[in-house]
Amino acid sequence: MESQDVKSDLVLILDYGSQYTHLITRRIRQLSIYSLCLNGTASIESIRKENPTVIILSGGPHSVHAPHAPCFPSGFLDYMESEGIHVLGICYGLQLLVQNLGGRVSVGEKQEYGRMEIEVEKDCGLFGNKKVGDKQVVWMSHGDEAVNLPEGFEVVARSQQGGVAAVEDKKRRFYGLQYHPEVTHTPEGMETLRHFLFDVCGVTADWKMKDVLEQEIKAVQEKVGAEDHVICALSGGVDSTVAATLVHKAIGERLHCVFVDNGLLRYKERERVIETFERDLHLPVTCVDATEQFLGQLKGVVDPEMKRKIIGREFINIFDAFAHDLEQKLGKKPAYLVQGTLYPDVIESCPPPGTQSTHSHTIKSHHNVGGLPKNMKLKLIEPLKLLFKDEVRALGKILDVPEAFLKRHPFPGPGLAVRVLGDVTQGNALEVLRQVDEIFIQSIKDAGIYDSIWQAFAVFLPIRSVGVQGDQRTHSHVVALRAVTSQDGMTADWYNFEHKFLDEVARKICNSVRGVNRVVQDITSKPPSTIEWE
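Using UniProt numbering, read the sequence shown as starting at 1 and increasing by one per residue.
Possibly wrong hints are sitting among the right ones.
[Stated by the list, open to error] Label pairs and their calculated CB-CB ranges:
1. N317 to N496: 39 to 49 Å
2. E498 to A219: 28 to 38 Å
3. G114 to A69: 22 to 32 Å
4. P528 to V137: 17 to 27 Å
5. E498 to G225: 47 to 57 Å
6. E119 to D211: 35 to 45 Å
7. K208 to N51: 11 to 21 Å
8. E292 to S46: 43 to 53 Å
9. D78 to R270: 31 to 41 Å
10. G162 to V466: 57 to 67 Å
11. G515 to E292: 29 to 39 Å
12. V137 to K208: 26 to 36 Å
13. N496 to L101: 25 to 35 Å
14. N317 to R104: 57 to 67 Å
If you're looking for bench data, these hints aren't it; they were derived computationally from the structure. The beta-carbon is built from N, C-alpha and C at its ideal position, and this holds for glycine as well.
My request is simple: use the sequences and hints to build the entire structure.
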């Protein structure tokens with residue numbers, strides 16, 4: 001399904017590089033309103049193609065005065081007015097509106113960062129039932145400020161320091177907030193967005209997962225010919241499982257699932273996954289043992305991006321070979337490959353769908369996105385590529401995917417290759433990591449906190465440390481434990497375990513896993529770190 005296939009109001013986010021842009025999308029979807037990101041400099045034609053009801057201009061790290069500062073295309077404002085589209089500028093987005101409509105933006109005498117109190121100055125559309133004099137705490141992050149407003153605009157809220165906090169031009173449907181309503185540090189931000197979208201813009205909350213499912217099934221059926229066969233790469237995780245179940249519902253027995261053991265799986269993952277697929281999902285799955293093929297290609301490789309590229313390439317080689325075998329059996333060559341790519345994968349790997357973004361950097365190549373070779377013979381079907389993880393779980397629930405599958409922690413496509421730092425084939429790193437990870441995850445389950453954690457795993461570090469075990473000096477491996485909480489994987493906080501739990505887990509690892517004498521915990525959030533180490 002493409003965004004144009006969604007039959008509901010669309011709130012389109014024009015992205016100017018803010019670290020919070022994805023949060024705007026998430027908050028709006030939480031209101032049952034469909035929302036997507038598009039590059040902030042996208043053409044009028046690209047915007048028209050999406051047919052938005054509302055456009056939000058995101059924040060960004062730039063100054064509107066900087067050379068080559070990103071901006072909406074020429075004619076954008078005239079098009080908004082002629083079509084009657086409501087526009088909300090957030091931080092940098094507000095400043096773009098002010099400057100391009102004839103106002104003035106300058107470097108602020110007092111820069112505003114972090115929590116600030118603002119006060120409503122005039123009765124307005126932005127704040128609903130708020131009255132003049134009402135105050136609220138918001139999250140600011142800006143150095144420039146609007147000092148002269150364009151004709152038709154008025155200031156409706158100011159900060160403690162007297163700076164412009166909110167503006168509006170009701171007649172032309174232009175609005176602006178000089179703070180971030182989408183972050184949790186702005187407690188009333190969600191209510192502001194709710195009021196703006198429903199009461200000011202008249203958007204309808206009609207984006208439901210049941211409708212998404214019907215649209216996706218229809219899209220798959222229209223894309224795949226009546227006689228075409230499709231391969232699905234199953235990993236045992238939530239994404240590929242939901243994708244496979246959805247496509248199976250759409251085309252039935254013409255779906256052929258393959259599970260690849262690449263030698264980078266967790267402890268007994270292969271046996272557990274195959275049993276569950278056959279017992280609970282009733283999906284016919286072919287298991288391919290490609291351990292030697294993958295590890296042979298990864299030998300000596302230490303660069304994480306190169307690892308991802310190699311693994312992506314080898315997966316496609318396996319799928320091409322599987323397709324060839326199917327062709328011999330069916331007398332017809334499979335034409336498509338199903339993957340469980342999600343919206344965060346797309347955002348982190350490359351610009352959001354339909355964009356040519358130059359304002360946000362690639363964080364890492366996702367195995368489903370940046371790691372795929374250009375000469376791939378199979379055409380892709382990605383039924384989940386516009387969804388976040390929690391939305392995929394909701395979709396899976398409608399499809400009757402077992403609860404145990406839906407609650408599984410995310411596992412990266414490159415597997416343990418991005419959890420063994422350095423050469424994955426060196427020594428017994430993979431086996432050590434499997435044992436450590438199994439102890440950690442099982443301990444979390446035994447403690448009854450598995451469902452409270454978004455993702456937990458162990459990391460094998462490319463260092464050794466001195467220790468004392470059995471009254472003897474040791475020079476052994478160091479492993480790190482990582483556990484985070486999150487809503488969608490785009491931002492995350494480290495999970496605060498009880499000290500007793502960490503003590504017991506560390507002791508068990510050092511006593512049970514030969515070759516490990518030190519356990520450390522990763523206590524960084526995302527940002528600044530990513531969830532995975534590589």
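Checklist entry - Is 31 to 41 Å a correct range for the gap between the Cβ atoms of D78 and R270? => result The hint (31 to 41 Å, Cβ to Cβ) is violated, given that D78 and R270 are roughly 59 Å apart.
Item to check | Cβ separation of E498 and A219, checked against the hinted range 28 to 38 Å | outcome: violated, 47 Å
Item to check | E292 versus S46 beta-carbon gap, inside 43 to 53 Å or not | outcome: holds, 46 Å
Next on the checklist: 57 to 67 Å was suggested as the range; check whether the CB atoms of N317 and R104 agree with it.
Outcome noted: holds, 58 Å
Next on the checklist: Range first: 11 to 21 Å. Now tell me if the beta carbons of K208 and N51 are that far apart.
Outcome noted: Since K208 and N51 have Cβ atoms about 19 Å apart, the given range 11 to 21 Å holds.
Item to check | Distance restraint evaluation - N496, L101, Cβ atoms, bounds 25 to 35 Å | outcome: Since N496 and L101 have Cβ atoms about 47 Å apart, the given range 25 to 35 Å is violated.
Checklist entry - In this structure, is the beta-carbon distance linking G515 and E292 contained in 29 to 39 Å? => result For E292 against G515, whose Cβ atoms are near 23 Å apart, the range 29 to 39 Å is violated.
Checklist entry - CB of G114 to CB of A69, is that within 22 to 32 Å? => result This hint holds: roughly 24 Å between Cβ atoms.
Checklist entry - Quick one: are G162 and V466 within 57 to 67 Å, going by C-beta? => result holds, 59 Å
Next on the checklist: Tell me if the beta carbons of N317 and N496 are separated by a distance inside 39 to 49 Å.
Outcome noted: holds, 43 Å
Next on the checklist: Within 47 to 57 Å: is that where the Cβ-Cβ distance between E498 and G225 falls?
Outcome noted: holds, 56 Å
Checklist entry - How does the Cβ-Cβ distance of E119 and D211 compare with 35 to 45 Å: does it lie in that range? => result holds, 41 Å
Checked against the numbered hints listed earlier, the structure breaks hints 2, 9, 11 and 13; every other hint is satisfied.
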